[in-house]
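Trainee: Each residue of the sequence shown is one higher than the one before, starting from 84 at the first, in our numbering.
Keep in mind that the hints were calculated from the coordinates and are not lab data. Just to be clear, a hint being listed does not mean it is correct.
Cut-off 20 Å, straight-line C-alpha distance, at most; resulting in silico cross-link-like pairs (EDC-like, lysine to aspartate or glutamate) [stated by the list, open to error]: (1) K309 with E136; (2) K98 with E86; (3) K256 with D165; (4) K256 with E196.
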Amino acid sequence: MLEVFLTVSLAYTLKRLGLFSEEHSRVLVNYVLYFALPLLSFKTAHSLGLSREVFLVGAGAWLVIAFCLLSSYALGRLMRLDGVNLRTLMMVSAFGNTAFLGYPYSFSYFGEEGLKYAVIYDSVGSFLAVSSVGFLIVSGKVDIKSIVLFPPFLGLISGFALRGYDLPASLWKFVDFSVASLLPVVLFSLGLSLEFSRMGRDLKLLGIAMGTKMLLSPLFALLVLKFFPLSETAYRVSVLESAMPTMITASVLVL
């Protein structure tokens, strides 16, 4: 955990010193989304293959998201929210930052094996859910093209498709070399994007959303996913991922 804290803190400090700006985080995010993360998705899918556990981790993510959507909808109606405010509450309560926060935490606590399950939870669960259900909530339609052409999703599909093939050692050396850069870049970009002055806006809705996402969500996952035939690591990673705070993409969609 120390490496997570130090990387994020140093990035934030360097930004405050004027050596980096928040805009620089976009370049790093693009590096992750279009290069390092697709390779990690490919490696994970090729390593795990299509199995019952992979399906169950993804299904568990969808179940947790559905619970958060229903809970936040019920809370929003009790507060007499409607329209954009209700949709905003649902989006920020249901979809967690399972990649940019979930990956570092999963790796820190559970190592490379945990990171594999985090990729599955994020790619098969969170990403597909926010790209379909999320877009449906916000705009009333689903953007199939964005789902199919999303680079990490393409990496995942390619890994599953090539599961039965022995790939050259030189290719795996390149993949491992590139994937090793993922977590430091993710954490550094996270540090550059931190802005504490924004946290005081609409504390009531923020508190409800964070309570749903970081308390009710992991509690639900802890109780319900226990009945899934998952390995201990897959179960623990799924519970951890369910507790991640709001996904940046979900916040952007409702703006």
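Trainee: Now tell me if each hint is right for this structure.
Mentor: Verification of the supplied hints:
A threshold of 20 Å between alpha carbons decides the hint, and for K309 with E136 the separation of about 13 Å falls inside it, so the pair holds. A C-alpha spacing of about 18 Å is found between K98 and E86, which places the hinted pair at or below 20 Å, so the restraint holds. Among the hinted pairs, K256 with D165 is inconsistent with the structure: their alpha-carbon atoms are about 52 Å apart, more than 20 Å. Taking the CA atoms of K256 and E196, the gap is near 18 Å; set against the 20 Å cutoff, the hint holds.
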